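Novice: Please build the complex by placing chain B on the supplied structure of chain A, with the hints as guidance.
Chains as they are written, first to last, in my numbering: chain A, 4 to 84; chain B, 214 to 897.
Note that these hints are calculated values from the structure, not bench results. Fair warning: this is a prediction, and the values are worked out from it, not measured in the lab. Idealized CB from N, CA, C, for every residue including glycine.
Label-pair restraints from in silico Cβ distances:
hint, chain 1, residue 1, chain 2, residue 2, range
1, A, P11, B, T692, 28 to 36 Å
2, B, L446, A, P11, 27 to 35 Å
3, A, R22, B, N363, 40 to 48 Å
4, B, I884, A, P11, 42 to 50 Å
5, B, N363, A, G31, 37 to 45 Å
6, B, V684, A, P11, 27 to 35 Å
7, B, V741, A, G31, 42 to 50 Å
8, B, R265, A, R22, 44 to 52 Å
9, A, P11, B, E442, 35 to 43 Å
10, A, P11, B, E530, 54 to 62 Å
Computed far set for chain B versus chain A, every beta-carbon distance over 10 Å:
hint, residue
11, Q349
12, G365
13, M539
14, T712
15, D791
16, G866
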Amino acid sequence: MNKVSQIPLSSVPTGQRVRLANIDAGQGLKSRLAAMGMVPNTEILVVSNGSPGPFVVAVKGCRIALGRGMARKVMVKTSLS
Amino acid sequence: MTDTLTIALAGNPNSGKTTIFNALTGAHQHVGNYPGVTVEKKHGVCHHKGVRIDVVDLPGTYSLTAYSVEELVARNFIIDEHPDVVVDIVDASNVERNLYLATQLIELDVPLVLAFNMSDVAKRRGLVFDIPRLSQLLGVGIVPMVGSRNEGVEALLDTVIDTARTRATPGPRRIRYGAEVEEELARIEALLDTDCRALARYGKRWLALKLLENDKEITEMVHTPAVLEAVRLSRAHLSAIFGEDAEIIIAERRYGSISGACQEAVQSSTELRHDMPDKADAVLTHPILGLPIFIVLMYLVFQLTFTAGEYPMRWLEAFFAFAARMVTAVWPGEPGPLHSLVVDGVLGGVGGVLIFLPNILLLFLAIAFLEDTGYMARAAFIMDQIMHKIGLHGKSFIPMLIGFGCSVPAIMATRILENQRNRIATIMVIPLISCGARFPIYMMIIPTFFPNHKGLVLSSIYFIGIIIAIVLARLLRLTLLKGETIPFVMELPPYRLPTIRGLLTHMWQRAWLYVRKAGTVILAISIVIWAATSYPKPDSRALGDLPPEEVRMIELRHSVVGRIGKTLAPVLEPLGFDWRISTSLVGAFAAKEVFVSQMDIMYAVGELKAGGEALRARIQADYTPLQGFCVMLFCLISMPCVATIAMTRQETGSWRWALLQLFGLTILAYIITFAVYQVGRLFV
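The shape of chain B in the complex, shown without the other chains:
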């Protein structure tokens, strides 16, 4: 045998699959997406007895149908990538429901091992397993485990290596579906014999079964009219006998066969199943108290993220400023273009994103805590009544809330959404939730033009963003992302005490993606924007001995960004924007708060702190409150920053959505600001 194995971890959501994955691979993990879909792919490596084992964590699923992307991804990975062994993580305390997925893995006829996780909880619930008997009945090896305490990991890996060595498959025909169904299966199988290319990829029985279940993906692969006609007749026949669709009869039979096996090999010594309502649920999902409790908890998460995160964020800010000074101090010779690239481009651009790392770590820690305790499922349930009306899922609320801080982690947080359409719709509207970086823009404009209505104007801006987000999400779900609004059905996992290691691993996995993003895409784009604001340089002789502020302004006007701004000025004029605002808006593509520092440069005020009193006095002299409001409106809606676009590209897996977000929102901003400015002018 080879010294490298690939194993795939399958299992229900909440079966403790992630815990086992962490136990197996420790820190050696990579998180990404399956190609082309918004499904998170995690893989890692572990070594056992001289064998290198690549572990792939499949998405958590209840079944292997073609109805969800996750199930398709899991199924196709097993079929196409031929992992040496599939390990199905079974929550032993919920053995019947969890074995349903196992029955389908058995039918795929791949080398399989069942890991009975949480066997300690099962024991407490009074479940006693006759493991050898159950293993014999199902035809697969079973390893009892307690993933959270690392118990059973060695035994699991031993069994995995054994199974890989013998390539022992469960053997076909483990589940009998009863005379009527078997008869129809045989009829279809007979027809598959001759001319079906899909046969090479799947076994004959599995193919027949999937056809009878009316599996969309499989049905589309079969082109023989005789087969399709036979399937149609068989389905009609079964439905006439049982008064149910074939796939439901098949599901029922699978559960029947599990039930039979469990009756023989699982003893339940007490009747104390967790059927009794939890006391915690009586409070946390209370019809009246549930929502206020949720709001308070979210407020706490928010506070933790932005208040506790503030200090380390300042330290990082100071660190980057210090680094910039150090670079300047040790720079050999006159600071030239290369110095500017390092200090303004690299340190400024990447530093500007990395200083949010403490906030992000805290935020992901809080989310991991809410997820691992089981509260997140309840929160989604509570919010669903509201979010459903928008066409989004209850859980969409969480990323949108994070969006008030920063769109980048918010888009990453949409990974908690299982449904692809919901996830994309949520990603698309997140930039409308006014992020922290836009706050400095409001702080420049609101005290200048609306000194008596500061709170009102500020909250109205946030509110406008939310309203547009809601309308847009609804619109997307009715058009581009049309599809059955999935009625709310969700498992409420039992409340669990999370492990510190689990929390930290979850937190770090997501935070690392952010760091990597900052070091790659954001770094590259920062350099491009730095170059665009610095080049081409005006003739230095013409500048003479002008004060440095004047020089900076002339340089910016002369640069690519300045030229674009000037070219765009006539286009933006109907919105009430002049060339100064236009140029600053172009620069703000790098990061929203750059708008303020660019305005500073444009007015050559040369203050130490961007957006200070002097700038306010200047803009008050040059612009009207209506223009000020329009700037805020445009900054709110238009052009998400490059980091957001890059993240949308990564998370949706296509430039199509990222570009739609960029141009769609910018066009929308143009239309809305145009209307507001033109109508507003009639009154002001």
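So here's chain A without its partners, still in its complex pose:
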């Protein structure tokens, strides 16, 4: 199995679909994001990477807005499908 490279969510351009690898954050925040559907291998669509502005993703059909700092801590795998 070839290893898929991981990149921070903040560097994914608008409109691209990726899969969640892991989140580099404290237990509380990680659990909150997990409850909102951001668990490993979930498909994430970057709805708007309006750097430096809002960062919006769609996860399981919901819009979630993330602070920029947060988007840097979410590591994703580029989707192969």
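Specialist: Only chain B this time, still in chain A's reference frame:
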């Protein structure tokens, strides 16, 4: 079965839970706080087929962890209060994410009904549910609903009563977490057998699961070293296998099991999910346009509140003045102390607060509109980049803005903040946002002492307040309210057209709190302050035939407030304040604008309108511009009015914060005014 049931409504934020709550209970609602926490508690009553149903609206949550007060409140309510049935409101158009909370309610093993709200939207999105199949897979009853059109309410209540009658619980072990996790759960469960008091309160499996998830509250309840050690080992073991913390693996498995159920029982006929960016969002959250649009919208809210609200406010003012005259006209015999109590104390005090009701209704209507359409979430997002630096949440901006009008509704508006620490920090600094009641003070002083720089001085006062608020909020978040500055993560709900009924209900719920406050605490305090400014009376013979203005002044000086003012005068002297100012400041505790009317009395100018030309001439003769500025500064920072303190007490749930606000701000005002006056004197 009994004729009274208690049901609890659980659900995600934006699942339409409030709409269903309103549909169920109509106008029979009570809004308060859960004891000891700043979490709004709403409950109401409905009747169905001869059964009285008490409905408790739990806070909107995504999960039932111990990481947020809201989730803890919801969880502990279900565990400790044993509602007969828990109704989980599920946004059917977003079924996977919404069922996550359902999986945790299922694990609590309580009688549960799922209400699939917004099933019309789900249909439009091309989702077709096999309800009987999904119900069988999850082990709970499901009722499709459209809360905004009252559809499905009857069916929901039928199901609720049935479920209560049979006390049908979903049954344990609905979700399997896979061999590795189950093995660890079994290991922990085995150890729990013997000596854990928490067992009586929670089921064994649930307890084991929460321990494995490293749930703070539950872990603190378990004192057996063997259990804690086993949990530590199990977590380490799982983390070694999966490269993730146990709680994330568990969350993943829950989503996995939902996914499995949905694959069997939910068909998605179109691929048209709402993944495409909304056109509205492209404009409203635009990196450059977003902020100006937000500012314009806030300006409109502000204008609506204070311009459109002005006329009804005048009518109410006239009404209270009329009421006072009527009371005087029909008063039997000479107007005595009782007359003064009714007219000056009750009508003056409560009237002074109630005349703002039109503004408050309009303000809450506007906020309800922004919230119900989904714009509020966007606004918070736009402001977050700025507010985050202060240590507050993007949404804190809204109550602070309202604070320019009046601190009381502003403090109530902090209910839109989900995080407790953010909420308290915001409440604590709101009095520094210069409210409308302080404006008459500025209008007395600025034209008198700074006729050539009116705009500059006025805006500098407002600006000083904002700066101190920012510094103080930052300081609070670094000290008393320390805690992880929660990185911004927020759901952006889809834009929705609000219903008139929903808007009016939201508006009225919050406005009613204000009215109730005016009728209770504020009324009581107004009477106390009235008594303190009226008693004790000086010897009436000594007053002789002095003109009435002189009599009023002597009476005020002789009263408790006058005496306090006089006692305080030496303390306030280093700030440039004499006994007149001191006495007026004491009176201003009732309401800031009272300062002006008290100064009027102190100078016995006896004008019809407080703070008029004659008073200005007098203060110009007696004080320097520096003293004038110091009065404004002190009024800005010090001693929020009693209504504000009472509201802080109510909303934070403790006198501790209210008293800290009162004394902290007053001490701060003293220090700052002292510095300004003493340094200023060297130059002027």
